[in-house]
Structure formats: C-alpha cells, structure tokens
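Engineer: Protein chains in written order, with the working numbering: chain A, 1 to 272; chain B, 1 to 399.
Treat each hint with caution, since some may be false.
[Unchecked claim] Computed footprint of chain B on chain A; a stretch qualifies when at least three of its residues, placed anywhere within it, have a C-beta under 8 Å from a C-beta of chain B: (1) 26-32; (2) 70-81; (3) 124-137; (4) 195-203; (5) 222-235.
If you're looking for bench data, these hints aren't it; they were derived computationally from the structure. Don't be surprised by glycine CBs; every beta carbon is placed ideally from N, CA and C.
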Amino acid sequence: MSRLAGLFVQLQDAGRAALIPFMTAGDPSLTATVPLMHALVAVGVDAIELGMPFSDPMADGPSIQRASERALARGVKLRMVLEWVREFRMTNSHTPIILMGYLNPVEAMGVTLFAEAAATAGVDGVILVDLTPEEGRGEAAVLRQQGVDPIFLLAPTSGPERVATVRGMGSGFVYYVSLRGITGAAQADWTEVLQRVQDLRRQLGLPVAIGFGIRDAATVARVAVGADAVVVGSALVDQLAECMTDQEAIAAATRFIEPLAQAVRTTERRGV
Amino acid sequence: METYALPDAFGHYGPYGGRFVAETLIPALAELEHAYQEAQRDPEFRAELHNELRQFVGRPNPLCHAARVSRELGGAQIYLKREDLNHTGAHKINNAVGQALLARRMGKKRVIAETGAGQHGVATATVATRYGMECLVYMGEEDIQRQSSNVFRMRLLGAQVAAVSSGTRTLKDALNEALRDWVTNVESTFYVIGTAAGPHPYPVMVREFHRVIGDEARAQCLELTGRLPDCLIACVGGGSNAIGLFYPFIEDKAVRMIGVEAGGLGLGTGQHAAPLTTGRPGVLHGNRTYLMEDEDGQILPTHSISAGLDYPGVGPEHAYLKDIGRAEYVAATDAEALAAFHRLCRTEGIIPALESAHALAHAFHLAPTMRPDQTIIVNLSGRGDKDIHTVAALEGIHL
Ligand SMILES: Cc1ncc(COP(=O)(O)O)c(C=O)c1O
Chain A
1 MSRLAGLFVQ
11 LQDAGRAALI
21 PFMTAGDPSL
31 TATVPLMHAL
41 VAVGVDAIEL
51 GMPFSDPMAD
61 GPSIQRASER
71 ALARGVKLRM
81 VLEWVREFRM
91 TNSHTPIILM
101 GYLNPVEAMG
111 VTLFAEAAAT
121 AGVDGVILVD
131 LTPEEGRGEA
141 AVLRQQGVDP
151 IFLLAPTSGP
161 ERVATVRGMG
171 SGFVYYVSLR
181 GITGAAQADW
191 TEVLQRVQDL
201 RRQLGLPVAI
211 GFGIRDAATV
221 ARVAVGADAV
231 VVGSALVDQL
241 AECMTDQEAI
251 AAATRFIEPL
261 AQAVRTTERR
271 GV
Chain B
1 METYALPDAF
11 GHYGPYGGRF
21 VAETLIPALA
31 ELEHAYQEAQ
41 RDPEFRAELH
51 NELRQFVGRP
61 NPLCHAARVS
71 RELGGAQIYL
81 KREDLNHTGA
91 HKINNAVGQA
101 LLARRMGKKR
111 VIAETGAGQH
121 GVATATVATR
131 YGMECLVYMG
141 EEDIQRQSSN
151 VFRMRLLGAQ
161 VAAVSSGTRT
171 LKDALNEALR
181 DWVTNVESTF
191 YVIGTAAGPH
201 PYPVMVREFH
211 RVIGDEARAQ
221 CLELTGRLPD
231 CLIACVGGGS
241 NAIGLFYPFI
251 EDKAVRMIGV
261 EAGGLGLGTG
271 QHAAPLTTGR
281 PGVLHGNRTY
291 LMEDEDGQIL
301 PTHSISAGLD
311 YPGVGPEHAY
321 LKDIGRAEYV
331 AATDAEALAA
341 FHRLCRTEGI
351 IPALESAHAL
361 AHAFHLAPTM
371 RPDQTIIVNL
381 SGRGDKDIHT
391 VAALEGIHL
C-alpha cells in the first residue's frame, strides 16, 4: 500500500482527519527546508505539501507568490526540491510528501525524468495546479507508472462531469478547493463545503482534502469534522516569511502548527 | 494546404493551445465557450457587433498606400491597414467590443482586463462604459509609469486601474492578477483578455473578433491593386493584430505572412520579447505555446521599448503557424522600431504606435528586396500618441 493510502486507512481507524501543512521549498532559507519538514512532523502533522516555486503562480495569493519569488531569488530549482525530499526520507520513511506547483518547470525537466526522480526521492503525490485532467492524461499516467499519485483539484464550481473526469484520473486523494478564489483568500461557508465534500467522497471513492482559506485552529477543527485532510498553506507561509534564522523559523512553525495538530486530534469525524 | 480548420474542439492547434488553468475556472471557460458559440450563430448578435464596429469604432478603416515611403525605398508598394484610426486608437477595440457584447449577453455586470501598453485597458474601459458595466483593469507598476496617459484615460472613462506589483510588474503579471481576480469573482465577472492567448476559447474568440482586419484588407487590396498582396506584416506581442490580419489569408498560399516580435536591445543580449524567434514550447497563462523561459522552466523577464510587445508568451496559433511554416517570425530591435517610427512620421504624416513600428521596421527592410509591382500590407495596429513621452524621453526631451 502506498504511504498516502496507508495514512488514510490509519486515520479512518483513528476517526480523525489528517493535518497537511503547505510550505514553499527554499523559504525562508535554503537550509531551513529539511529541518522544517522534520519539525512539522515532530509537532504532529500527518503529511507535508512542499511547494515547487514558479515565477508565475497564477492560482496563488500574495503570501505564496512572495514565498515563491523569494525562493527563486535564492536559486531554488526543481532538482533541489527533490534532493530535499530525498534528504528528508533518510530519517523519515512514513510521512507522505506531496509536491505542489505548476506544470512548466516540470515540463522543462521532462515529465518522465521528473516522475522517476520524484519516485526515487520518496515523493508520494504531485499536484500541478494548472494541469487539468483533460490536458494531463499523459502526465498522470507517467506519474502513476512510477508509483506517484497524480492529485487533481475540484472546486465549488465543478459540476458532475468534472467529478466524473477526475474520478477516472486521480489517485491518492482529491484536493477540494474550499472557495472561489486563490490561496490565502477569505472565509468559506464551511457547512456548504462539508456537505459537498461528503458527496464528493462518495462519488469519487477517494479521500478528500480541503484547502484554501484555513488559517487557525478553530477553522481546522470545523473542517476536520468532515474532511479526510485539512490543508493549511498561506497562514504557515506568513509565519515563516518574517523569520531571520532557521531556528526562528522552526520555532515559529512549531508554535503555529501545534494547536492545529491538537485540533485534528480532538475533533471527531462525523460528517457535516 | 488543405482546408484550415483549427482549433479542434479542445482548443488545440497541433500541440499548442488548450486549457491549462486552475480547476475553478474550467466551468467558467466552458460557459464562455458555449455562450460564444451561441452568439456566433445568432444573427442578432452578429448584426449588433457589425453595427457597433461601424458606428462606434469607425470601421471599415482604410487600406492606405504609403506612396512616399514606398518610392523612397524603391521596392514593393507598402499599404497600411489603418487600425490606428479606430476609436481609442488601436486594433484592440475590435476585440473589446466583441467580448463586452458577449459579457452583456451573458448577464455579467463586471468586466476585468489586463493591459500592457494600456490600449486594451482603454478599449475595455471604453466599451464597459458604453454598455453600462463596472470595469477594473490590472496593469503592472512598470507599465503604469511608462504609459501614464493611458492610465489617466482609463480613469476618465470611469474604470478602476489596479497596480500590479508582483513578479516583473509588467503585462504577464497583470495577466496573473486578472486570472486571480477571475477565480475569485468567477460568477459575476467576465474576463476580457486582450490578446489571442490564454485558455481556450480565448485565442479563437479573439481571432474571430479581429479577423475583420484581414477581411477588410483582403477586399480593399483586391479593389485597390486588383490582386492579393504578396506579403502581410504585423507586430506580434500576444499576437492579436497579427492573427486578425493573417487569418483570412491563411489558405492563400502565395501570400507570405510575417510576424515581427520585439527584438529589444538585440536577440543576443537576452533583453527582448521574442518567444517565437528565440524561445521554446511550454505552458503559461492557460495555453501551451512558445515562451521565453530559462532552463528550469521559469519565465524570463522581457524587455521592449513598447509595453504592448513586452510579453514572454504568444498566442498558440502563431506557435502552430510557425511550426508548419505557414507564417514566418522575425524580430526588430528597439532601435530599428524607433527609426521606423520617425520615418513614418516624416514620410507619411502618420505617428505610429511603437508596437506597429516594429512591423514597419521589417517592411522597410523587406520592401527594397521586392519589385515595385509587388505589395506589402503592414498592419498599422495603433497610433503613437500614447508613445510620445517615451520617444521624447529617449531623445532627452522633457515634455
Ligand atoms: C498598438 C498595439 N499594437 C500591437 C499590440 C500587441 O498586441 P497583439 O500582439 O495582441 O496585437 C498592442 C498591445 O498593447 C498595441 O497596443
């Protein structure tokens, strides 16, 4: 069983949702990334989304845009991101790692080469925000062949035909974008979101993660009632942005994530 | 060539085009595609568009023989397609009228746009006012500096202009920001894309709204010269004025089609905006096309004297036309464009947009290699009033 599938089975038994933080690789420093990943695991996250920086992150709000710009200015490259995952895997073989980014840098490396390198490094899933299932058939097959889950997104605007398309193509889990908007945007109507997620889980036969607009423990607890996983991105990236040293970044991440990790552990999954 | 029938149902031109956007926008693009197809089939919509182009835009505009400069060059006869005479001063209004009428038909109350030189922003602000819609235009901070008179124009017309400070602070970043707005306000908002790029159906829709340029030019050329032109030349930023001129000639194999990109400080310097001439295929802003990118797939900053050409991508149909060899793509440098700008001012009494001056530069280069009984049509995509500050500043003159 893949690490991701294993995680969701285990959490099903535990009756709780996963907490998945997002951080941009190479921010707030090149040396911080791997220690930060370990620190996040130590404080109780269940998987990590690692952002692959891109010059034109059109689906991201200001926080992740700026993090991406800073990382690129430090010289972060896709190969370095993969190398960091490999390094992380030397002492952690159980926490799923999902890479999230945009198609163009992956294509520039070569999709097959990327898929092989990702699998070797120990990557479990890949989300390419601008690669829809229709355009991404080839890429998804290549990833799956290497045992890496292609993870697709669904949105409040996605109708039944979209859900059917994703059902045939995605694996690992499906990422439900909880609002019409970009990362870091404001509130969603959580009752509506959870209702939809319940339907989606049934229609897709895959775990459903909820992300976008989740910034604090109270919201994590609200969402964890009905989600298979809760993704927290911009709020963590904001915490890290100001940090001057790696120690500070690790302390800030720990401080910020701790109550969120608590929230998923004290929230019982019961639906909406 | 067999009948040209692209794009296919998925918006593909060979390997190019398509729909590479965040999931939230997919249903909106499907809705747009559906509404557009319905409108195209509706005689009432077509009549309304035709009427607006006549009454409000001032079409048809002339195809004008540039007799003096042609004689000076001693080669082919240069004819100018006078898009500069349109209301708001550029070809951009053809597409803005089309998309705004479509937005109104779809019941959208708010339109957004990205703009580089400000011409598309002005055109969108203009039609939004005319059709009673709220309008927000995204513009890079750097372009706001370079094109301040167009910023003022948009505000006069009642539009809001939002400064974009991310990335390189130019057109590509304005496009990112407009896409972010659209994702957030997708139900109330119509995104009026200003060039023949972006996710399907934008490239084909923008081409169809601009093909009036080529349709008119073809008829006018036949009327004036008794035959088809030998060569078409247009500048290429995202490629809308070029595809508008080229498309109706695509099956006339004897007609050469040349797109002129921004060569900036020279192709060897890296300081340019010439993805077709120097770039390679990739994915940006919703479509697969030629891009200026580094070896890691990060989009490169661009440079051009003209804000309207300062874009690292290009419409997917041009990528395809390049690959199949139906159109050729070259570059003109800032200096060449500037020289052509002055030459047209002094020979024909027309101040061209700096964008259009790139097309003129290549025409002036090519004409002497051709016979006097041959014809070149240059798309004079816009007038140069917006550029006089840029040109004056380059010459050390403070206006
Ligand atoms: C006068 C003029 N010509 C050309 C362009 C370039 O755009 P496109 O390549 O889409 O025609 C612009 C863009 O702002 C423009 O203002």
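Engineer: At least three residues with a C-beta closer than 8 Å to a C-beta of chain B: is that true for the region 124-137 of chain A?
Structural biologist: That given contact holds, which follows from 6 residues of the region 124-137 of chain A lying within Cβ reach (below 8 Å) of chain B.
Engineer: Please check whether the region 26-32 of chain A has three or more residues whose CB lies within less than 8 Å of a CB on chain B.
Structural biologist: violated (count 0)
Engineer: Count residues of the region 222-235 of chain A with a Cβ under 8 Å from any Cβ of chain B, then say if the count reaches three.
Structural biologist: Answer violated; 0 residues pass the 8 Å Cβ test.
Engineer: Go check the region 70-81 of chain A versus chain B for me, would you? Three or more residues, Cβ under 8 Å, otherwise it fails.
Structural biologist: Our answer is that it holds, as 3 residues pass the Cβ test (under 8 Å) against chain B, meeting three.
Engineer: Cut-off 8 Å, C-beta pairs, minimum 3 residues; does the coverage of the region 195-203 of chain A by chain B stand?
Structural biologist: violated (count 0)
Violation of the numbered hints given earlier is confined to hints 1, 4 and 5; the remaining hints are satisfied by the structure.
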